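Student: The primary structure of each chain is shown beneath.
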Amino acid sequence: LYLSSKSNMAFTLYSLIQAVILCVNAVAVLHEERFLSKIGWGVDQSIGGFGDEPGIKVQLMNLVRSVRTVMRVPLIAVNSVCIVLLLLFG
Amino acid sequence: MDLPQHGYRASAKPRARAGPHTGDPLLFADTSSAAPPMNNQGYYTPGYNIGGAPVGGPEDAGVNNLFADPMASAAMMYGSSLANQGKDIVNKEISRYVSVNKLKYFFAVDSKYVMKKLLLLVFPYTHQDWEVRYHRDTPLTPRHDVNAPDLYIPSMAFITYILLAGMALGIQNRFSPEVLGLCASTALVWVVIEVLVMLLCLYILSVHSDLSIFDLFAYSGYKYVGMIFTVLGGLLFGSDGYFVALTWSSCALMFFIVRSLKMKILSSFSHNSMGAGATAKSRLRLYITVASAAFQPIIIYWLTSHLVR
Numbered sequence: 001l002y003l004s005s006k007s008n009m010a011f012t013l014y015s016l017i018q019a020v021i022l023c024v025n026a027v028a029v030l031h032e033e034r035f036l037s038k039i040g041w042g043v044d045q046s047i048g049g050f051g052d053e054p055g056i057k058v059q060l061m062n063l064v065r066s067v068r069t070v071m072r073v074p075l076i077a078v079n080s081v082c083i084v085l086l087l088l089f090g
Numbered sequence: 001m002d003l004p005q006h007g008y009r010a011s012a013k014p015r016a017r018a019g020p021h022t023g024d025p026l027l028f029a030d031t032s033s034a035a036p037p038m039n040n041q042g043y044y045t046p047g048y049n050i051g052g053a054p055v056g057g058p059e060d061a062g063v064n065n066l067f068a069d070p071m072a073s074a075a076m077m078y079g080s081s082l083a084n085q086g087k088d089i090v091n092k093e094i095s096r097y098v099s100v101n102k103l104k105y106f107f108a109v110d111s112k113y114v115m116k117k118l119l120l121l122v123f124p125y126t127h128q129d130w131e132v133r134y135h136r137d138t139p140l141t142p143r144h145d146v147n148a149p150d151l152y153i154p155s156m157a158f159i160t161y162i163l164l165a166g167m168a169l170g171i172q173n174r175f176s177p178e179v180l181g182l183c184a185s186t187a188l189v190w191v192v193i194e195v196l197v198m199l200l201c202l203y204i205l206s207v208h209s210d211l212s213i214f215d216l217f218a219y220s221g222y223k224y225v226g227m228i229f230t231v232l233g234g235l236l237f238g239s240d241g242y243f244v245a246l247t248w249s250s251c252a253l254m255f256f257i258v259r260s261l262k263m264k265i266l267s268s269f270s271h272n273s274m275g276a277g278a279t280a281k282s283r284l285r286l287y288i289t290v291a292s293a294a295f296q297p298i299i300i301y302w303l304t305s306h307l308v309r
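For the protein sequence lines, the chains are A and B, in the order given. To convert, note that position 87 of the first sequence is 87 in this note's numbering; the numbers rise steadily by one, no gaps. To convert, note that position 51 of the second sequence is 51 in this note's numbering; the numbers rise steadily by one, no gaps.
Treat the hints with care, as some may be off.
A short list of chain B residues far from chain A (calculated; beta carbon distances all over 12 Å) [what the hints assert, rightly or not]:
1. MET71
2. VAL98
3. ASN101
4. GLU178
5. GLY181
6. SER185
7. LEU200
8. TYR203
9. LYS262
Derived coverage of chain B by chain A (criterion: at least 3 residues anywhere in the stretch with Cβ under 8 Å from a Cβ of chain A; other residues may be distant) [claimed, not checked]:
10. 190-198
11. 220-231
Not everything, but these chain A residues come out facing chain B in the computed CB check (under 8 Å) [to be verified]:
12. ALA10
13. PHE11
14. LEU16
15. GLN18
16. ILE21
17. ILE56
18. LEU60
19. LEU63
20. SER66
21. PRO74
Keep in mind that the hints were calculated from the coordinates and are not lab data. Computed from a prediction, not measured in an experiment: that's the story for all the values here. Just so it is clear, CB atoms sit at the ideal spot from N, CA and C, and this is done for glycine as well.
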């Protein structure tokens, strides 16, 4: 079987960086009061029981909230850089 | 003439001695502290001798050809002090992001450990004790404990896998240098993805284990040994040999991962055993361990099947 190219997806580090940026952007655009509170994932709804092992949903909500808080400003810079690079180099 | 010479040597020696931090005598037997004082003496003595005695000393004229100009020797000293400052700054910056001591722990291996670990990766079924041994609160280095994870074997196996992939492609006349880089970055990206997914799962299930990010890289990197074994089997014995080696290394690697991670993930749970909620949690942790093990054969097949056709 003479294959001319690799049969599986050719991952480069650049495509990994692109995927990570897209995922972080997706988490960052979840709006707090228009969306997350409506489906019960708001900030005020995560302070549940004070057992020493919070559940999966609480951990996920904490993760979403912390990603949105921490990555908001760096994402502005990273997205601008990506836009400029994509405009220049296609 | 002698005073600045002594002053510089005196200041150079403590710096050379303080360099290798001997806070952890288990890590390395560092023999580098003997060398720098000799070098400094070799460099700076001739320069000062020439600057001090331009007419005398025909016996050291041959040695001092490099430093015939006192300006050059002064510039040399200034440059080396700048370089040392730069090195200190770089070390400080790097140790802010990546704790170098923790990284050194993973490379403190010796050949006996490497042999035993490789044997364990290929045939783990007879090993009895999978517990990582501790020494006064810190985990033992890989040199002293065969169960400890290390980063030497994964990195060496990664490079060997790239070379083997190049050879396999060359045998099929499909080689070009870009394909080599593509193969390397694909393998690296899959390991990074696996480590990120494991970190996410461990965080979401609030598993308070002592698995650091380097530990996860180590356990994910052990699959490269399986990949090398599989590719070698395929190259030496054709397509049948490839599938035999694939099933053998998949089973061995799955057993290895399950036994190693079971100690780290599931045992951290036994400290706070609550009530009915405990069984669901422990079931999820078991799923994580088994899923991580089941992912290994898939990725081994995915990354090596195109090499052996």
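Student: All the hints need checking, so say for each whether the structure fits it.
Tutor: Tested hints:
1. MET71: holds, 46 Å
2. VAL98: Consistent with the label, VAL98 (chain B) stays out of reach of chain A, its closest Cβ about 18 Å off (over 12 Å).
3. ASN101: holds, 27 Å
4. GLU178: GLU178 (chain B) not clear of chain A: closest Cβ-Cβ about 10 Å, inside 12 Å.
5. GLY181: violated, 8 Å
6. SER185: Nearest chain A Cβ is 5 Å from SER185 (chain B), so the label is violated.
7. LEU200: Non-interface label on LEU200 (chain B) violated, nearest chain A Cβ at 8 Å vs cutoff 12 Å.
8. TYR203: violated, 7 Å
9. LYS262: holds, 19 Å
10. 190-198: With 3 residues close enough to chain A, the hint holds.
11. 220-231: violated (count 0)
12. ALA10: ALA10 (chain A) check passes; min Cβ-Cβ to chain B is 5 Å, inside 8 Å.
13. PHE11: Result: holds, 4 Å to nearest chain B Cβ.
14. LEU16: holds, 5 Å
15. GLN18: Hint on GLN18 (chain A): violated, closest Cβ of chain B at ~11 Å, above 8 Å.
16. ILE21: violated, 14 Å
17. ILE56: holds, 6 Å
18. LEU60: Given a least distance of 6 Å, the restraint on LEU60 (chain A) holds.
19. LEU63: holds, 7 Å
20. SER66: Constraint on SER66 (chain A) not satisfied, violated at 10 Å.
21. PRO74: violated, 15 Å
Hints 4, 5, 6, 7, 8, 11, 15, 16, 20, 21 from the earlier list are contradicted by this structure; the remaining hints agree with it.
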